[in-house]
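Let the hints inform the model, and build the full structure from the sequences given.
Just so you know, we're using the UniProt record's numbering here: the sequence shown kicks off at 1 and counts up by one.
Read the hints as simulated data drawn from the structure, not as lab findings.
All figures in this text were calculated on a predicted structure; none of them were measured in a lab.
Backbone N, C-alpha and C define an ideal beta-carbon position, used for all residues, glycine too.
Among the clues, some could well be false.
[What the hints assert, rightly or not] Ranges of calculated distance between the beta carbons of each label pair, as one might list FRET restraints:
| no. | residue 1 | residue 2 | range |
| --- | --- | --- | --- |
| 1 | Gln129 | Tyr71 | 40 to 46 angstroms |
| 2 | Ile279 | Ile534 | 41 to 47 angstroms |
| 3 | Met548 | Gln129 | 41 to 47 angstroms |
| 4 | Ile184 | Lys158 | 20 to 26 angstroms |
| 5 | Lys296 | Thr545 | 38 to 44 angstroms |
| 6 | Phe411 | Lys135 | 45 to 51 angstroms |
| 7 | Gly266 | Pro463 | 29 to 35 angstroms |
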Amino acid sequence: MAGLETAAARGDGPADGRRAGFNSYGGDVSETTRLLDGTASDAQVAEPTKDTWAGVEDFDGFPWSRKPSVYWLVGPFFLYTLAFGGIIVPKLNLIISLICREYFADQTSSDPSLVFPPVVLGGDNEQCQILPVQKAATKMTLVMSLVVGLLSALSAPKLGHLSDRYGRTKWLALSSCGGVLAEIVTIIAAKFPDVVDYRWIILGSVFDGMTGSFTAGTILGQSYASDCTPPSKRGVAIGYLHACLFTGLALGPLLSAKFILLTGGGLISVFYLALACHIFFVLFVLLVLPESVSQKRQMLSREKHAKEVESREDSGTWLGSLRHKNPLAPLRILYTKHPGATSRFRLNIISLALVDMVLLGAAMGAGTVIILYSEYVFKWDNYDSSRYVSLVSTVRAFVLMAVLPLINYIFRTRPAARRRLLSPGPIVEANRGCDNLDLWLIRTALISDIIGSVGYFLSASAPFFVMSGVITAFGGLGSATIQASITKHVPPEKVGQLLGAIGLLHGLARVAAPLMFNGLYHATLDTYPQAVFILLASLFTVSLTASMFVKPHIYVREDAAPNSPSHQPTRPNSLVEEELLI
Numbered sequence: 001m002a003g004l005e006t007a008a009a010r011g012d013g014p015a016d017g018r019r020a021g022f023n024s025y026g027g028d029v030s031e032t033t034r035l036l037d038g039t040a041s042d043a044q045v046a047e048p049t050k051d052t053w054a055g056v057e058d059f060d061g062f063p064w065s066r067k068p069s070v071y072w073l074v075g076p077f078f079l080y081t082l083a084f085g086g087i088i089v090p091k092l093n094l095i096i097s098l099i100c101r102e103y104f105a106d107q108t109s110s111d112p113s114l115v116f117p118p119v120v121l122g123g124d125n126e127q128c129q130i131l132p133v134q135k136a137a138t139k140m141t142l143v144m145s146l147v148v149g150l151l152s153a154l155s156a157p158k159l160g161h162l163s164d165r166y167g168r169t170k171w172l173a174l175s176s177c178g179g180v181l182a183e184i185v186t187i188i189a190a191k192f193p194d195v196v197d198y199r200w201i202i203l204g205s206v207f208d209g210m211t212g213s214f215t216a217g218t219i220l221g222q223s224y225a226s227d228c229t230p231p232s233k234r235g236v237a238i239g240y241l242h243a244c245l246f247t248g249l250a251l252g253p254l255l256s257a258k259f260i261l262l263t264g265g266g267l268i269s270v271f272y273l274a275l276a277c278h279i280f281f282v283l284f285v286l287l288v289l290p291e292s293v294s295q296k297r298q299m300l301s302r303e304k305h306a307k308e309v310e311s312r313e314d315s316g317t318w319l320g321s322l323r324h325k326n327p328l329a330p331l332r333i334l335y336t337k338h339p340g341a342t343s344r345f346r347l348n349i350i351s352l353a354l355v356d357m358v359l360l361g362a363a364m365g366a367g368t369v370i371i372l373y374s375e376y377v378f379k380w381d382n383y384d385s386s387r388y389v390s391l392v393s394t395v396r397a398f399v400l401m402a403v404l405p406l407i408n409y410i411f412r413t414r415p416a417a418r419r420r421l422l423s424p425g426p427i428v429e430a431n432r433g434c435d436n437l438d439l440w441l442i443r444t445a446l447i448s449d450i451i452g453s454v455g456y457f458l459s460a461s462a463p464f465f466v467m468s469g470v471i472t473a474f475g476g477l478g479s480a481t482i483q484a485s486i487t488k489h490v491p492p493e494k495v496g497q498l499l500g501a502i503g504l505l506h507g508l509a510r511v512a513a514p515l516m517f518n519g520l521y522h523a524t525l526d527t528y529p530q531a532v533f534i535l536l537a538s539l540f541t542v543s544l545t546a547s548m549f550v551k552p553h554i555y556v557r558e559d560a561a562p563n564s565p566s567h568q569p570t571r572p573n574s575l576v577e578e579e580l581l582i
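Here it is as structure tokens:
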């Protein structure tokens, strides 16, 4: 049936005039609403009282070591993000140092009478805080971001779709292999600066992007968490992975600085440590991490994919073949006009995806510019920049690991426990779209990002600038909640494909965001460097507006059937939120 329909409109909703969206106890419908009302007879509720979730049932009878859980992934993912976060500031300062060496070498070759202080790789080189070096560093980071963003935009959706059919772990390991090669290239460039031009670091970005980079690692990790976590707890589970990211960003710079001091190996030793973290992550995921997609679900996804491919081949038109080879083809899942995907469903998915794209782009694109701005305006050194990144990331990790679980406990876990006491029978967890709590969290996070961005713009001193960064840290609630909400809109076998499309948008964000932020900063550095914060606040304001179009309880039914009289379900006191039929 094309179009949106409610359970009441289909004739399987309540006939007593109760308002849609509420059960017989007056409680709001959620992911854990009972299949049977508390007024059902004992014969109707003969099943044991327990929560059920298909992702758990697939692994019944497996030993604990082969049962997937987000807790298996948290530790290794932390090391993965530690490798990512620990080199952000060191790599930026390495690039600045290498560019500075070349700049002064060119100046000396033009005028041998000029004498410049020696440049120490990663050191506090005050002579490098000049406009030509800053502009060259901005261009270099822009090119690296473009390369990684474009390549990961092409590879991440394919990895996400493949993971639905062949499991998550092998592709998750592959996403870190590019990091291994990238760190090897960086080490060679840093170890032999007189032989290897610093621009060869871009080759490392090519390797990183070809395997999906951090974009693929993140979406595959979130797909893994979605596979083995019920919808009512999914936001918290994905929040743990986001907390790993920001904890890695928080501890990474500090640990890398301490590691340099303890080992005396100089800046290059940090990249050896990052290389070791990547290698450990690859080996753990391949050899230890339990697969989260059961063989049954893998075979189901393969069969559906085979039918889709067969139907495309049967069409026999060159235009259809070209359409499916389009690099933007993975985005079809966001706007496909199949019978169940109504305009309301598409509006929900597209709005959430665009907001998530802006948040990722702001984090990846504006982060480097914020460091460059603070070092230029407030004369921060490597230690000051690392402390700032660590503080903001620590607050963000605390919000995700403490504040978000507390909110989820108060507004989801406790009400579910009350419903369990009031009415016997099993509570069946299912993907039923985002709820009002999700929307409240997303909008609150965006408001904090807007306030923090305005604070950056108005900051005349370093302490006020740092305080603005702390305010933006509460925006961490947004990304975790959005990605959990997106997965609640589709059946489990479509999660990887959907998050793959989100990964494509992430890759595009990694291209567009550096172009906007680095390009604007480069153009206004001489005249008005604060302009970048006006752009940042404007993007968050547009995202907040887009979030207002998202409606709760819109989803695609996993067991949907074509709309015909023979397929009309008759369920007493059925769920009455709006459903979309595939």
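Hint by hint, here is what the structure shows:
no.	hint	verdict
1	Gln129 / Tyr71: 40 to 46 angstroms	holds (45 angstroms)
2	Ile279 / Ile534: 41 to 47 angstroms	holds (42 angstroms)
3	Met548 / Gln129: 41 to 47 angstroms	holds (43 angstroms)
4	Ile184 / Lys158: 20 to 26 angstroms	holds (24 angstroms)
5	Lys296 / Thr545: 38 to 44 angstroms	holds (42 angstroms)
6	Phe411 / Lys135: 45 to 51 angstroms	holds (49 angstroms)
7	Gly266 / Pro463: 29 to 35 angstroms	holds (32 angstroms)
Of the numbered hints given earlier, the model fails none.
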